[in-house]
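**Q** Here's the letter readout for the chains.
There are 2 protein chains.
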Amino acid sequence: MAPLRSWLNIESSSDFSIANIPFGIISTAVDPLPRVATAIGSLALDLHAFAQGNGFARLSTIQPHQSVFSQPTLNAFAALGRPMHRVCREYIQSILLEDGPFPDVFQNNHALQQSALIPLEECRMHLPMQIGDYTDFYAGLHHAYNVGVLFRGPQNALQPNYKHLPVGYHGRASSVVVSGTPVRRPNGQILLDPTAEPKQPVLSPCHKLDIELELGCFVCKPSKLGEPVAIGKAADYLFGLVLLNDWSARDIQAWEYVPLGPFTSKSFCTTISPWVVLMDALEPFATHGLKNDAEVLPYLDEKDRKAHYAIDLSVSLTTASDKSTVISTTSAKNLLFSFPQMLTHHTIGGCPFNVGDLLGSGTISGESASGKGCLLEQTENGKVAVQLEGGEQRSFLQDGDIITLTGRCIGENGAIVGFGSCTGRIEPALKL
Amino acid sequence: MAPLRSWLNIESSSDFSIANIPFGIISTAVDPLPRVATAIGSLALDLHAFAQGNGFARLSTIQPHQSVFSQPTLNAFAALGRPMHRVCREYIQSILLEDGPFPDVFQNNHALQQSALIPLEECRMHLPMQIGDYTDFYAGLHHAYNVGVLFRGPQNALQPNYKHLPVGYHGRASSVVVSGTPVRRPNGQILLDPTAEPKQPVLSPCHKLDIELELGCFVCKPSKLGEPVAIGKAADYLFGLVLLNDWSARDIQAWEYVPLGPFTSKSFCTTISPWVVLMDALEPFATHGLKNDAEVLPYLDEKDRKAHYAIDLSVSLTTASDKSTVISTTSAKNLLFSFPQMLTHHTIGGCPFNVGDLLGSGTISGESASGKGCLLEQTENGKVAVQLEGGEQRSFLQDGDIITLTGRCIGENGAIVGFGSCTGRIEPALKL
Numbered sequence: 001m002a003p004l005r006s007w008l009n010i011e012s013s014s015d016f017s018i019a020n021i022p023f024g025i026i027s028t029a030v031d032p033l034p035r036v037a038t039a040i041g042s043l044a045l046d047l048h049a050f051a052q053g054n055g056f057a058r059l060s061t062i063q064p065h066q067s068v069f070s071q072p073t074l075n076a077f078a079a080l081g082r083p084m085h086r087v088c089r090e091y092i093q094s095i096l097l098e099d100g101p102f103p104d105v106f107q108n109n110h111a112l113q114q115s116a117l118i119p120l121e122e123c124r125m126h127l128p129m130q131i132g133d134y135t136d137f138y139a140g141l142h143h144a145y146n147v148g149v150l151f152r153g154p155q156n157a158l159q160p161n162y163k164h165l166p167v168g169y170h171g172r173a174s175s176v177v178v179s180g181t182p183v184r185r186p187n188g189q190i191l192l193d194p195t196a197e198p199k200q201p202v203l204s205p206c207h208k209l210d211i212e213l214e215l216g217c218f219v220c221k222p223s224k225l226g227e228p229v230a231i232g233k234a235a236d237y238l239f240g241l242v243l244l245n246d247w248s249a250r251d252i253q254a255w256e257y258v259p260l261g262p263f264t265s266k267s268f269c270t271t272i273s274p275w276v277v278l279m280d281a282l283e284p285f286a287t288h289g290l291k292n293d294a295e296v297l298p299y300l301d302e303k304d305r306k307a308h309y310a311i312d313l314s315v316s317l318t319t320a321s322d323k324s325t326v327i328s329t330t331s332a333k334n335l336l337f338s339f340p341q342m343l344t345h346h347t348i349g350g351c352p353f354n355v356g357d358l359l360g361s362g363t364i365s366g367e368s369a370s371g372k373g374c375l376l377e378q379t380e381n382g383k384v385a386v387q388l389e390g391g392e393q394r395s396f397l398q399d400g401d402i403i404t405l406t407g408r409c410i411g412e413n414g415a416i417v418g419f420g421s422c423t424g425r426i427e428p429a430l431k432l
Numbered sequence: 001m002a003p004l005r006s007w008l009n010i011e012s013s014s015d016f017s018i019a020n021i022p023f024g025i026i027s028t029a030v031d032p033l034p035r036v037a038t039a040i041g042s043l044a045l046d047l048h049a050f051a052q053g054n055g056f057a058r059l060s061t062i063q064p065h066q067s068v069f070s071q072p073t074l075n076a077f078a079a080l081g082r083p084m085h086r087v088c089r090e091y092i093q094s095i096l097l098e099d100g101p102f103p104d105v106f107q108n109n110h111a112l113q114q115s116a117l118i119p120l121e122e123c124r125m126h127l128p129m130q131i132g133d134y135t136d137f138y139a140g141l142h143h144a145y146n147v148g149v150l151f152r153g154p155q156n157a158l159q160p161n162y163k164h165l166p167v168g169y170h171g172r173a174s175s176v177v178v179s180g181t182p183v184r185r186p187n188g189q190i191l192l193d194p195t196a197e198p199k200q201p202v203l204s205p206c207h208k209l210d211i212e213l214e215l216g217c218f219v220c221k222p223s224k225l226g227e228p229v230a231i232g233k234a235a236d237y238l239f240g241l242v243l244l245n246d247w248s249a250r251d252i253q254a255w256e257y258v259p260l261g262p263f264t265s266k267s268f269c270t271t272i273s274p275w276v277v278l279m280d281a282l283e284p285f286a287t288h289g290l291k292n293d294a295e296v297l298p299y300l301d302e303k304d305r306k307a308h309y310a311i312d313l314s315v316s317l318t319t320a321s322d323k324s325t326v327i328s329t330t331s332a333k334n335l336l337f338s339f340p341q342m343l344t345h346h347t348i349g350g351c352p353f354n355v356g357d358l359l360g361s362g363t364i365s366g367e368s369a370s371g372k373g374c375l376l377e378q379t380e381n382g383k384v385a386v387q388l389e390g391g392e393q394r395s396f397l398q399d400g401d402i403i404t405l406t407g408r409c410i411g412e413n414g415a416i417v418g419f420g421s422c423t424g425r426i427e428p429a430l431k432l
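These protein sequence lines map, in sequence, to chains L and G.
If you count the first sequence from 1, position 17 lands on 17 in UniProt numbering, and the numbers rise without skipping.
If you count the second sequence from 1, position 216 lands on 216 in UniProt numbering, and the numbers rise without skipping.
In case anyone wonders, no lab produced these hints; they're calculated from the structure.
Honestly, I wouldn't trust all of these hints.
[As the list claims (entries may be wrong)] Below are the SDA-like pairs computed for lysine to any residue, each with C-alpha atoms no more than 20 Å apart in a straight line: (1) G/Lys224 - L/Pro182; (2) L/Lys199 - G/Gln155; (3) L/Lys306 - L/Arg408; (4) G/Lys224 - L/Pro428; (5) G/Lys199 - L/Tyr299; (6) L/Lys383 - L/Pro194; (7) G/Lys431 - L/Glu227; (8) G/Lys224 - L/Leu432; (9) L/Lys199 - G/Lys233; (10) L/Lys221 - G/Gly232; (11) G/Lys291 - L/Gln200; (12) L/Lys199 - G/Pro298; (13) L/Lys199 - G/Gly148; (14) G/Lys221 - L/Ser174; (15) L/Lys224 - G/Leu430; (16) G/Lys431 - L/Leu297; (17) G/Lys431 - L/Ser174; (18) G/Lys333 - G/Ala369; (19) G/Lys163 - L/Leu191; (20) L/Lys163 - G/Gln155; (21) L/Lys199 - G/Val178; (22) G/Lys303 - G/Asn292; (23) L/Lys233 - G/Lys306; (24) L/Lys224 - G/Gln159; (25) L/Lys303 - G/Leu203; (26) L/Lys199 - G/Asp293; (27) L/Lys224 - G/Ala369; (28) L/Lys199 - G/Gln159; (29) L/Lys199 - G/Asn161; (30) L/Lys291 - L/Ser321; (31) G/Lys306 - G/Lys383; (32) L/Lys306 - L/Gly232; (33) L/Lys224 - G/Lys199; (34) G/Lys383 - G/Asp236; (35) G/Lys224 - L/Arg86; (36) G/Lys233 - L/Asp312; (37) G/Lys199 - L/Leu297; (38) G/Lys199 - L/Val296.
Please read all numbers here as calculations on a predicted model, not as lab measurements.
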């Protein structure tokens, strides 16, 4: 099948081909009010302006709901539900299509193009959703295994529960930020010498600042207290995916985490990419995840459904001297549990969900050495430095380092469904 | 000092004396719109109606902000800040006072009394705040010690970090409900025989459903990403306290909690009392908490400030056959860390706060056998049953059990500042 072609000039390498149509929140110098847009090639299509200019004239189902595009978050659009996301995305594709059915709406409407198309570099991106609750899982099997080997050896690398349920913990919604937000190195309690007794912590800037390469998944449908979401229905609750960097302070984490889990070592910042790629856009790339050699309980059984996505992921590190190195490449297939399984497990006891809640996949690592999704794994907790372009080395992140995550699916016809980038630069710790 | 007296008839045993003036959200059959009220004796004073009826005529500072009382949550009122809470509370006290300064405003204004005073039993109570993030701490030293002894023996009961920082974890904001909401017994993965190998979980209703007696503290002032709240400023961020029951599924928790902490074992329900008792109302009862024999780092040093409160707490269990037993009595003094210390530690790495965020203290247990704040401690994980009035016994909660937490401070002059009750009835698990 030939790729869809647009009458707009879209570079073939763009993450935002006409096969994508992601949703995000933009503002501009001219119009500082945050509003909904989609990305197409190097442009944003301002859907607030598009709706105002009668761009949805040929999509009657959306017309009673057009105010969703004037909101400062995607929550109202998400809450319309997956069937509406689908018709909206397909309609936008149709008006961008070369030889599309409605050329008068946009292709031949220069006034509307003038008001609604904005170069992406003129857009400020905002957090796409108002996030109610954020949960971070641990479904990257190779990551969990590698970290387990570091701390408990290969015999006990995975805890007994690991393959039976998607292990996860409640995260901090208030500290989720959009790509580009500076990441201040956190202060916290650490042990300068973890082996010394008695253990006496100091307050210090984190010495082991790390990344975690993850996917995030937004929820678009609420569920009620006490009412689990069945595995066969879970996909209806999923809005779309983003890249997610769960910045982690490993030395703070090591001291604080017993017995209730990671806390301030995680909640200083979590960065997500600004464009939410709809589940529909990812459907052509659906695949199986990692095979689970434990038989999951029936409530988690997906019956061989392809509930993972073949997204190529990468992590690059750019130093203060502007040298960039790709330090990891892997695939989002490397998960033991899918987002539907995560949601179903999360609600099995009755935990309710709201539109805008966020699920993190956990760190995604490939099996090979080149595909490890965090520095803790790559450097074996700081013992083996990563070599960078230009001769520098890293055990953990230095001030001034920029981390950029990318993710993209490449269709058989060459059409790209990509995420753009998820980036953050490390700022020095606050002097206390 | 004689207690303050009101021209209203207030029973001397009421939690809602004129010394209290807590804030909550009510609705009624006549007016189903949720709105702000205070409780006084057996009445609610509807502050929306009161404001509409010019009740704040003599408090010019609140007049530009009166719309906060028409909101469905206390967030807007809380966001006005502690100085405004103080003048508001004192003004309401003044108009309720016998021989108060402004008798025309309310005491002699029967029309306003008619529209604004409502019997509490006619009020439906709502969740008082829209909760952004909820964090649960573990600051009850005796609880942490007792639980540690059960699982690790007395030598290692407390983890090495315990006395150096307030251990906590991110909770699930969406599952916080107001007192009276039914509590459905959760389903989840448990090990029927935890010692059998290989470990094979089943999906089952929780067999070890438990309570946790806690205080909750609401935040009224936002803090920014990357900007810690200094210990000397932390009290400015605290709005008021509620009772909090952190219902816990011990068998689900035991299986799921490694390595990232409690998850679905907690997020099925957390109940709070409906009336937020302002920090100002509690100030006369300020006291020291438990002495910390570890020297805390300077950022957590309160310099001997009294940052705890002498709140008498109780837990009662009412069976389906309507027999009630007080199963625990203790004091909120039994905390090793205060709410200011919790907030300061929480933000030390830069985690931001929003108005409406909730901090849980962790289970509060006294030193004695009669003061244990959960059944896990009381029954030594199910080994020693609790004897109830009427001859029944409990290892953990049964369907139909009602748990009621109470909390009250009794002033030297007999004036009570109480919390009302925090209650929930156990409903049978959903059949899956």
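**Q** Identify every previously stated hint that the structure contradicts and give their numbers, smallest first.
**A** Violated: hints 9, 10, 17, 20, 21, 23, 24, 27, 30, 31, 33, 34, 35 and 36.
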